[in-house]
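S.K.: Chains A and B, in that order, give the protein sequences.
Heads up, the final residue of the first sequence is numbered 558 in the working numbering, and it's a clean run with no missing numbers.
Heads up, the final residue of the second sequence is numbered 558 in the working numbering, and it's a clean run with no missing numbers.
Where hints are given, some of them may not hold.
Chain copies aren't distinguished; within one or between two, either way the pair holds.
As the list claims (entries may be wrong) - Below are the SDA-like pairs computed for lysine to any residue, each with C-alpha atoms no more than 25 Å apart in a straight line:
1. Lys59 / Leu90
2. Lys342 / Arg69
3. Lys100 / Asn293
4. Lys59 / Gln260
5. Lys342 / Gly191
Hints were generated in silico from the structure; no laboratory data involved.
There are 2 protein chains.
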Amino acid sequence: MNRRSKAEGILFTDQYQLTMAQLYFELGMHEKQAQFDHFFRRYPNYGAHRAGYCVNAGLASLLDWMGSVCFGKTEIELMRGMRSRTGRSLFSEAFLAWLHANGNFSGISLEAIPEGRVVHAFVPLTVVHGPLAIAQILESPLLNMLNFQTLIATKAARVRESAGDATVLEFGVRRAHGRGGNEGTRAALIGGADFSSNAGISHQLGYPPKGTHAHSMVQAFLALGMSELEAFQAYAELYPDECLLLVDTVDTLESGVPNAIRVFENLRKKGYEPVGVRLDSGDLAYLCVRTAKMLDDAGFTEASIVLSNDLDEMKILQIKAEIAREAKRYALDGDRTVGRLVYGVGTRLITSAGHSALGGVYKLAALRTGPAWEPVTKVSEDPAKTPIPGRKKVWRTFDALGRASSDILTQEDEAPDRILQGPVQDGSANSGTDRSALPLRHPWIADKRKQLAHAEIARIEPLLAQVLADGRPVCDRPDLEQIRAIRRADVESLEKGVRDLRNPQPYDVWVSQQLWTLKERLLRSMRPVGS
Amino acid sequence: MNRRSKAEGILFTDQYQLTMAQLYFELGMHEKQAQFDHFFRRYPNYGAHRAGYCVNAGLASLLDWMGSVCFGKTEIELMRGMRSRTGRSLFSEAFLAWLHANGNFSGISLEAIPEGRVVHAFVPLTVVHGPLAIAQILESPLLNMLNFQTLIATKAARVRESAGDATVLEFGVRRAHGRGGNEGTRAALIGGADFSSNAGISHQLGYPPKGTHAHSMVQAFLALGMSELEAFQAYAELYPDECLLLVDTVDTLESGVPNAIRVFENLRKKGYEPVGVRLDSGDLAYLCVRTAKMLDDAGFTEASIVLSNDLDEMKILQIKAEIAREAKRYALDGDRTVGRLVYGVGTRLITSAGHSALGGVYKLAALRTGPAWEPVTKVSEDPAKTPIPGRKKVWRTFDALGRASSDILTQEDEAPDRILQGPVQDGSANSGTDRSALPLRHPWIADKRKQLAHAEIARIEPLLAQVLADGRPVCDRPDLEQIRAIRRADVESLEKGVRDLRNPQPYDVWVSQQLWTLKERLLRSMRPVGS
């Protein structure tokens with residue numbers, strides 16, 4: 028426990044979580060069981076384009092962190108040192124003693140949508156149950172880790188969408204937000220990148236890091252009185268079966284590609300096939316077509332062309348479209364040219380350029396008072412900001428073609444899967460009534476309703492899975508390849524319109540009529556409270 | 028050494044740095060002394076507004092990291108396991124043995140512009156000298172740490188600019204990019220935030236973390252059958268001299284503020300003055316004016332009003348302008364109302380929303396060949412991308428009013444400070460010639476020139492300071508308060524136009540004619556190299 032530095036331990040949270048925890052302690056509320064729901068309200072909007080879905084990520088990092096931190100001596104000592112404006116101790120000894128003994132996540136139970144799954148606005152991605160004071164302290168780190176990784180996995184899924192079947196390499200460590208780059212690389216691999224250049228985290232996750240050489244290698248040769256060709260030759264000699272050459276240090280078409288081809292010819296004589304070339308500047312589509320032509324003419328039809336330099340999902344789409352157009356002029360097959368591309372995606376992926384934070388929130392949804400759970404919500408002028416209260420379940424429906432058609436939030440005791448049984452003959456005069464049709468409401472727009480009919484859905488599945496029960500892991504952790512397979516299948520199951528990269532069609536998220544009624548009842552009971 | 032996990036140790040770098048390092052090793056170039064310059068080319072552009080300067084940050088984090096990592100057994104083992112496509116070991120035993128023995132930063136010398144200083148495009152912020160292979164491996168982590176912290180310190184300086192003398196609190200840990208949030212908090216404190224809510228890193232840096240309570244506290248009370256007023260009372264009882272109440276959980280003007288005032292009145296009877304209230308939703312300017320009026324009318328003229336909810340420098344300017352307008356309607360003094368504000372700035376500061384990465388680069392500038400340093404550059408179609416070669420110095424000039432007027436890059440042996448001596452009488456017929464005027468060139472626009480005259484400048488100072496000599500620290504590290512003082516003084520010394528938050532006037536960066544000539548000569552010698 029507590030192997031992390033004080034800045035990365037359990038104090039990696041907001042101060043107000045600690046002052047609130049003490050207040051709960053003073054009032055004897057600190058061990059009351061609370062439920063917090065984690066969800067986001069809006070998909071990333073990158074400016075000229077936006078997301079129609081997110082890819083869930085970060086859970087494993089959160090669980091690792093939760094299992095490795097606690098209020099140890101260091102933390103208690105730091106808190107003991109805190110003073111109010113007038114010099115009083117901010118935290119009492121009684122509270123600190125309780126925190127020292129109980130300040131860990133062994134009392135937390137967690138349900139979560141598995142990593143890699145496609146997730147939607149207003150749907151709880153993570154549901155936390157546990158002692159109020161501790162569940163409150165968990166808010167900030169949980170949001171930190173899940174918001175960021177979901178943001179990056181989502182961006183990576185978009186890059187994957189635009190890249191088609193091509194290899195995507197994550198290149199962003201130099202522009203990532205400090206040490207967050209490692210968590211970003213993990214999320215990028217979940218969302219759609221095949222490999223990363225970031226060596227340490229790649230090893231840690233069991234993926235070989237990828238990379239060849241930079242401009243500086245060629246520059247060093249030039250500075251020492253040698254040539255680009257000599258640099259390429261040296262590289263090919265050392266890495267004969269990994270020969271990928273960066274060809275734009277001097278002049279791509281006049282120097283880089285011709286020199287690369289000479290080196291490739293030598294390689295082939297020695298029995299090696301080159302991997303290809305990388306282009307990192309200039310008009311990538313144009314240079315790519317010219318390079319492809321030169322490689323083809325020299326007989327290197329299988330050599331890859333790696334593109335990099337501020338790529339993102341939109342730039343990739345643009346380059347592919349330009350190549351398709353430009354290829355004809357050089358009597359090249361546009362599809363085959365696109366088919367040899369590899370994308371190195373850096374800054375814009377690892378920082379989710381254009382939308383640099385997912386606005387995930389963590390809202391108190393219920394409190395246990397005696398044997399019962401009391402649902403909780405919050406009045407807001409903006410109805411979209413009123414959290415959906417209480418203990419609940421989350422379901423995803425699929426149509427007969429296997430396409431995800433909606434996510435549905437219900438109360439805990441509802442069984443929307445009954446709808447699959449279809450109309451039930453009840454022998455009464457009104458026999459044949461469709462008793463299994465499900466009345467649904469939009470999460471916050473009062474006049475949007477739907478009756479979900481038996482005929483519309485072929486399958487319905489719960490999305491939340493129990494992950495921790497009183498701090499103990501209760502399910503096997505999928506490895507990253509399994510998470511990637513989940514993501515692939517889930518993205519595949521989306522309708523084309525929802526996958527659209529620019530202006531996606533909205534995906535349906537509903538709450539059951541029963542849950543809606545609960546929210547309305549709670550809100551009515553809460554309007555301005557004089558005292 | 029090597030106390031960090033493999034993902035945060037020396038392998039927190041790009042794979043290509045390692046493959047290049049091996050190539051240099053194989054060719055006996057690995058211990059050749061190299062110079063890399065770190066600089067950025069473009070100021071952050073947030074979309075509708077942009078920066079006219081940056082604030083340098085991240086150096087201490089980089090130095091800490093450099094001092095705590097090396098190629099230990101774990102790293103060597105991971106590298107030993109790497110295979111090429113055909114199953115060959117990617118790294119040779121000879122190289123791994125060298126790396127195990129020499130793979131640390133004890134041979135690196137570093138010059139840097141101190142943290143907290145205002146910095147400009149094209150000016151080297153950090154200059155690295157050391158063995159080529161090791162200096163190359165340093166590229167990715169150096170850029171990671173310095174790019175990000177400079178990005179956030181810059182954003183924080185802008186928030187500081189718009190907030191004037193008001194207290195600024197950094198609230199962003201929940202939306203930060205994973206663990207990068209800690210580095211971001213440090214940078215925010217350098218750039219202009221006074222305190223942070225992030226508890227762990229605040230303690231580590233020696234600043235008390237700040238925070239009071241969230242909506243969830245009031246919600247918990249409501250759910251347990253109590254009222255907002257009771258929640259406030261409980262809070263005030265526990266924290267009588269730190270009483271800052273979040274008043275928008277139920278209804279700001281109908282419930283929150285009146286309840287807060289009742290609690291404040293009780294506090295005052297007990298001899299405590301309240302800190303104030305926080306507004307976190309709705310039309311902040313309008314609510315602020317109404318709240319100020321209510322507080323004033325109740326006699327709490329000194330109570331602060333903390334604003335939060337997606338604030339950034341532009342939103343703060345807007346709120347201040349709106350308050351100035353709106354205050355009159357309520358017979359309030361607009362300045363005094365603005366003067367009681369405190370700003371809690373979260374997501375948009377910690378992620379530098381709108382411009383989520385500083386494009387700092389690390390370019391080979393020189394190589395030692397025998398006793399001499401050989402300057403290096405790189406041809407680019409875009410003249411702005413041609414690095415300024417060679418060993419150099421960086422100077423800042425100030426006018427008679429103490430305003431920073433330009434940054435100047437010179438060769439190492441130039442002494443532009445001679446210009447301060449003014450015209451020198453040389454006794455010849457042309458006596459009185461201004462021998463000390465300095466011919467300057469724009470960093471990359473060929474036809475922009477200037478003769479810097481004696482009369483224009485009152486002071487000239489070097490910006491780079493030696494930080495590491497062969498891995499040893501050679502200067503005292505300033506503490507964070509000193510760094511903040513540097514930032515304040517440097518921002519103060521900028522012309523008003525350069526500080527403009529929307530459309531800043533360009534700051535002059537020049538290279539000496541001598542340095543320009545060197546670059547031109549190198550470029551001429553480098554044009555397409557056939558072989």
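S.K.: Would you mind marking each hint as holding or not holding in the structure?
M.R.: Hints versus structure:
In the homo-oligomer, the alpha carbons of Lys59 and Leu90 lie at most 25 Å apart inside one protomer (22 Å), although the nearest pairing across protomers, at 45 Å, exceeds that limit. For the homomeric pair Lys342 and Arg69, the shortest alpha-carbon distances inside one copy (24 Å) and between copies (20 Å) are both at most 25 Å. Taking identical chains as interchangeable, the C-alpha atoms of Lys100 and Asn293 are never at most 25 Å apart, the minima being 64 Å within one chain and 37 Å between chains. Taking the closest pair of Cα atoms, Lys59 and Gln260 come within 25 Å of each other only across two copies (20 Å); inside a single copy the shortest separation is 69 Å, beyond that limit.
For the homomeric pair Lys342 and Gly191, the shortest alpha-carbon distance inside one copy (13 Å) is at most 25 Å, but the shortest distance between copies (40 Å) is not.
The structure shown violates just one earlier hint, number 3.
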